[in-house]
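Q: Using the sequences plus the hints, can you model the full thing?
There are 2 protein chains.
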Amino acid sequence: MSPLTTIRTVAALREAVAGRRVALVPTMGALHEGHLSLVRRAREHADFVVASLFVNPAQFGPGEDFQAYPRDEARDADMLAAAGCDLLYAPAAGAMYPAGFSTKVSVEGLTEFMEGAVRPGHFQGVATVVAKLLIQCAPAFAVFGEKDFQQLAVIRRLALDLDLPVAILAGPIVREPDGLALSSRNVYLTSAQREIAPGLYETLRDAASQIARGEGIAEAEAQARRALLNLGFDAIDYVEARAASDLTRLGPAGPMNKPGRLLAAARLGRTRLLDNVPI
Amino acid sequence: MSPLTTIRTVAALREAVAGRRVALVPTMGALHEGHLSLVRRAREHADFVVASLFVNPAQFGPGEDFQAYPRDEARDADMLAAAGCDLLYAPAAGAMYPAGFSTKVSVEGLTEFMEGAVRPGHFQGVATVVAKLLIQCAPAFAVFGEKDFQQLAVIRRLALDLDLPVAILAGPIVREPDGLALSSRNVYLTSAQREIAPGLYETLRDAASQIARGEGIAEAEAQARRALLNLGFDAIDYVEARAASDLTRLGPAGPMNKPGRLLAAARLGRTRLLDNVPI
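Quick note, the sequences are listed as chains W and D, same order. The first sequence begins at 4 in my numbering and counts up one residue at a time. The second sequence begins at 4 in my numbering and counts up one residue at a time.
Heads up, some of the hints might be wrong.
If several chains are the same, the list does not tell them apart, and a pair holds so long as it fits within one copy or across any two.
In silico DSSO-like links for lysine-lysine, alpha-carbon gap of 30 Å or less [claimed, not checked]:
1) K261 - K150
2) K107 - K150
3) K107 - K261
Hint data in this document are derived by calculation from the structure and do not stem from the laboratory. In this text the structure is predicted, and so the values were computed from the model without any measurement.
A: Structure follows, in structure tokens:
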């Protein structure tokens with residue numbers, strides 16, 4: 004197959020997408036089958052699929068893995084081309100954040116719990132770069148994965164609030180055969196940690212069934228946290244049942260009145276694993 | 004002349020501007036000759052001139068004049084039509100900030116002194132609504148007045164940082180025959196205050212000449228503050244000499260190495276007057 008065209012500037016991007024109905028798949032590279040499923044979903048909606056590759060320093064906190072984050076653009080480009088992507092937009096950090104850059108986009112409310120509480124500033128970094136990418140590319144569609152479920156809610160809110168003329172599409176989580184959600188950070192796991200990791204999904208499914216059966220939400224969450232520690236997870240950042248639509252807290256036990264989502268983040272050594280399941 | 008077409012929704016705005024090369028003049032209404040000069044400037048650059056009229060609650064602080072701010076849409080529409088405006092976009096507050104609205108745009112640095120120090124949150128309100136207007140209307144040009152000189156710098160930064168494909172144009176201050184800068188808030192002045200008001204411009208011109216002659220900047224600023232109090236101003240929020248390009252503080256006395264601007268805000272009763280002059 005022909006190598007994927009790669010561009011690095013906003014001007015080149017605008018020229019490439021002018022007059023086209025575009026779907027954008029924003030990524031930080033280190034691609035896996037989850038990303039490729041988003042590219043295929045993008046293909047279903049648009050004639051021209053752009054993937055962006057930008058490891059966004061603004062969404063990493065001090066002490067996080069910005070430097071270590073896996074990077075292999077040539078491999079990513081081959082995978083994208085095979086999945087049907089038309090163009091790779093891979094700007095340099097200096098192009099995205101030139102000297103004097105001063106503007107921040109924040110989403111309040113949705114960013115004040117779970118990932119937002121554990122990673123201060125993370126969602127401001129995400130919101131700012133996603134706003135920039137959506138303005139730069141002006142896509143009709145942008146596709147994000149449900150693995151980062153809270154991020155998806157933040158981006159939907161951002162696009163709505165800023166009147167960006169884009170439809171935000173979600174792609175379901177892609178998993179390993181043993182249930183582990185695909186993540187670029189799974190490469191950090193030791194083989195011992197890799198054996199423990201699928202327990203996150205299993206534990207969430209069990210807890211979601213409990214809640215769906217009408218057992219107490221707080222008790223199901225607490226039990227899931229204990230189960231994860233027993234399985235060998237080193238720390239549990241959160242296990243929370245929330246409304247799938249707006250991430251408000253689900254009420255006390257009783258018949259569910261809206262679709263729920265059970266979301267968790269747990270640590271194996273220094274690696275944080277995120278996962279979520281419908282309730 | 005034919006009455007000006009007025010629309011109230013983003014959808015109608017997008018339909019009206021589709022395929023056109025547009026210049027946008029954002030206003031809060033209560034129009035005067037200063038605004039009309041911006042409309043005429045817009046006309047020079049674009050085939051289709053849109054004025055927006057939105058008294059943006061987010062940029063008023065508690066205790067400020069949001070409720071009292073003068074509103075007369077019919078008069079504004081007539082003035083805009085006469086000045087060559089093609090379309091008035093006057094959204095309702097509920098359309099701009101629907102229930103659940105959570106996104107804020109902030110510009111750091113530039114907003115931390117002068118108006119930003121006196122009016123906390125003001126520039127976040129301005130940046131958020133201007134980002135929305137620019138995204139809604141997608142104009143090739145947007146025109147702002149130099150009377151709000153710091154706001155202009157904030158908006159230039161915002162447009163650059165968010166990659167908005169718009170050229171920001173500035174219109175010079177329009178003044179009464181006695182030198183008072185036109186402002187929608189001048190109607191608040193009593194006749195006694197109105198007599199004092201032109202002293203702001205005169206004082207700034209004198210101080211700018213002093214600085215241009217090489218006299219000390221800090222001394223010229225302090226002298227201007229004293230002069231304004233002697234003229235009858237009730238309080239001086241600031242008198243500051245800054246670089247016109249990026250509003251950095253001008254260095255100590257000596258030959259000017261970049262174009263400067265002397266900016267001030269002073270109060271007559273509860274009315275704040277802003278003005279600025281080149282150095």
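Q: Work down the list of hints and note, for each, if the structure agrees.
A: To see whether the hints hold, each was checked on the structure:
1. For a Cα distance limit of 30 Å, the shortest separation of K261 from K150 inside one copy, 20 Å, qualifies, whereas the shortest one across copies, 51 Å, does not.
2. In this homomeric assembly, K107 and K150 come within 30 Å of each other (Cα to Cα) both inside a single copy, at 25 Å, and across copies, at 25 Å.
3. Only between protomers do K107 and K261 lie at most 30 Å apart by alpha-carbon distance; the minimum there is 28 Å, versus 33 Å within a single protomer.
Hint check: no violations occur; every hint is consistent with the structure.
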